[in-house]
Amino acid sequence: MGLLDYFISSRSKGTANVAKERLQILVAHDRAARDRPSYLPQLQEEILAVIRKYVDVDLSSVSVNYEQEDSHEVLELNIILPDTLQNQA
Amino acid sequence: MARIIVITSGKGGVGKTTTSAALSMGLAQRGKRTVVIDFDVGLRNLDLIMGCERRVVYDFVNVINKEANLNQALIRDKRCDHLYVLPASQTRDKDALTKEGVERVLNELTQNHDFIICDSPAGIEHGATMAMYFADDAIVVTNPEVSSVRDSDRMLGILSSRSRRAENSEEPIREYLLLTRYDPYRVLSGEMLSVDDVQEILSLNLLGVIPESKAVLSASNAGVPVILDRESDAGRAYNDMVSRYLGEDVPHRFLNPEKKGFLSRLFRG
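For the protein sequence lines, the chains are A and B, in the order given. Every letter in the first sequence is one number past the one before it in the numbering used here, and letter 1, counting from 1, is 1. Basically the numbering used here = 1-based index in the second sequence + 1000.
Hints were generated in silico from the structure; no laboratory data involved. Hints may be right or wrong, so weigh each one.
Claimed, not checked - FRET-style restraints, in silico, Cβ to Cβ: (1) B:1203 <-> A:39: 26 to 34 Å; (2) B:1171 <-> A:80: 25 to 33 Å; (3) B:1247 <-> A:45: 50 to 58 Å; (4) A:80 <-> B:1247: 53 to 61 Å; (5) B:1249 <-> A:57: 56 to 64 Å; (6) B:1065 <-> A:72: 43 to 51 Å; (7) A:41 <-> B:1203: 52 to 60 Å; (8) B:1199 <-> A:66: 21 to 29 Å.
Backbone N, C-alpha and C fix where the C-beta goes; we use that ideal spot for every residue, glycine too.
Chain A on its own, in the form it takes in the complex:
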């Protein structure tokens, strides 16, 4: 009984599972950042500058995503145009 208690309490006290969870999140995040080409932030800024010549959008409405798969890479560009544009049209 006493021994059993010892094992149960020490298991639940263990911090290894916390370490594992934190690492899994961190490593996934690090890897995603690592695989991206280094020109992405500048690309995003320049695209934004071009769009701004015609439409008034801010930085948060342009997102650039980069994904790498086995045989190909996907560069995804997502621009959220403001509502007012639809009203004008």
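Once you have looked at the hints, place chain B on chain A.
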């Protein structure tokens, strides 16, 4: 042609030099002509762990700068004929390791050796990137601890992008995980990441698990690679590691606590 192995980790103090000493001695004892190079320019320590610190005359940087030839700088191990140590320079800064110089020395060594072990310094600075640049295989030494695991993952990223093999689009460096300072008691009680946890995060080929052991400090005190201490758990685990590296199928040991304590005595009695 020699196979070039880098012992790397990112984080310091995890056991790179201990592992370099053990691996080189283990390979040499199996008859492989081996040379182990200390890339930690300015903070040389491999000579101490190998027990040849008083025989250092010329070093790696002297050879790179052509102030000495390889035969003058290589220190032959007194315990094993097939093993040579190339010590790091204690005085110069790390920029003394030029890519061309390192390549020239490695090319010369590759003529009459089977394995070249590169003991990397900690960090991701010049010395560490030079140690890994020409590697064929990488052994990533990791402690079951958050900062070490994270740094190891970072090193994997660098290995796959900033090496000769990556730049020439050759077959990538073979990467292995070596988990050191493993304490099965603390793993059992949930205080320490298990070998499975670390494997799940890094997903590498597991070369070995070295248990936390008093033998490692005793060995470094005496300047004897711990692999020569056949009585110790760490020494035996390193021997298994060398066999595994050479392709033998050796089961992993020391993953569970030894049943020597109160409980086992109770059950045996």
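**Request:** Could you tell me which of the hints above the structure violates, numbers in ascending order?
**Result:** 2, 7
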